[in-house]
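Asker: Sequence:
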Amino acid sequence: MPPSFQTIPNPADAPPYAIIVMGVSGSGKSTLGAELARHLRCDFLEGDDFHSADSVAKMRSGHPLDDQDRWPWLDRIAAGLHDAALMDGTAVAACSALKRAYRDRLADAVGMPLLFVFLDTKDSGELARRLVHRADHYMPASLLASQLDTLEELGPDERAVTLDAEEAPDRLCAEALAWIGREMSGTAETAGDARRRS
Numbered sequence: 020m021p022p023s024f025q026t027i028p029n030p031a032d033a034p035p036y037a038i039i040v041m042g043v044s045g046s047g048k049s050t051l052g053a054e055l056a057r058h059l060r061c062d063f064l065e066g067d068d069f070h071s072a073d074s075v076a077k078m079r080s081g082h083p084l085d086d087q088d089r090w091p092w093l094d095r096i097a098a099g100l101h102d103a104a105l106m107d108g109t110a111v112a113a114c115s116a117l118k119r120a121y122r123d124r125l126a127d128a129v130g131m132p133l134l135f136v137f138l139d140t141k142d143s144g145e146l147a148r149r150l151v152h153r154a155d156h157y158m159p160a161s162l163l164a165s166q167l168d169t170l171e172e173l174g175p176d177e178r179a180v181t182l183d184a185e186e187a188p189d190r191l192c193a194e195a196l197a198w199i200g201r202e203m204s205g206t207a208e209t210a211g212d213a214r215r216r217s
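Position one of the sequence shown corresponds to residue 20 (the numbering used here), numbered consecutively onward.
Hint data in this document are derived by calculation from the structure and do not stem from the laboratory. Careful, some of the hints might be misleading.
Mimicking DSS-like on lysine-lysine, the simulated pairs with C-alpha atoms at most 30 Å apart in a straight line are [stated by the list, open to error]: (1) 77 x 141; (2) 77 x 118; (3) 118 x 141.
Construct the complete structure from the given sequences, taking the supplied hints into account.
Answerer: What follows is the structure in structure tokens.
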């Protein structure tokens, strides 16, 4: 069983903070993000819901987004996280956050400590399989290669942990909660040391 929300510092005893589960499409961001939010008893924000209608139409037609599409999207996610975390002490969002510049933008805009949980996998075939079998989603599997090309590795100075996206969801949740608890207690390793070796 994953640890309960009680393993995380009580929001009443700590400043508010936010969490983003990041990675390419098909990595399981939404599944893990929703489960983390359930254990933390806070809001979960689905990053896909913050895209503009134009961006959704662009992706649906098979065209990748560019930075001009993404900057306002990132700002909307950050604003949503900020407001939700002020209410509950923390909040969780699923967001690809592929580039370092995107993560820096989110960290600056959210206005409070921001932690990244990166779901990583080297198996592009498994990612493509998940996307093909995902129902009612506007992003076609054909855009996966573009996302993998855009993805930038975490820097050692980022407040982040890398987990293996192919692990069982309950194990991922347990590992993420344990790391978040250490990080918010000031004892977590930096991203460069905390990455799990595959």
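Asker: So, for every hint listed, does it hold in this structure?
Answerer: Right, here's what the structure says about each hint:
Note on residue 77 and residue 141: the hinted pairing holds, with a Cα-Cα distance of about 27 Å set against a maximum of 30 Å. The suggested pairing of residue 77 with residue 118 holds, with an alpha-carbon distance near 20 Å, which does not exceed 30 Å. With a C-alpha separation of about 17 Å, the suggested pair residue 118 and residue 141 falls inside the 30 Å cut-off, and the hint holds.
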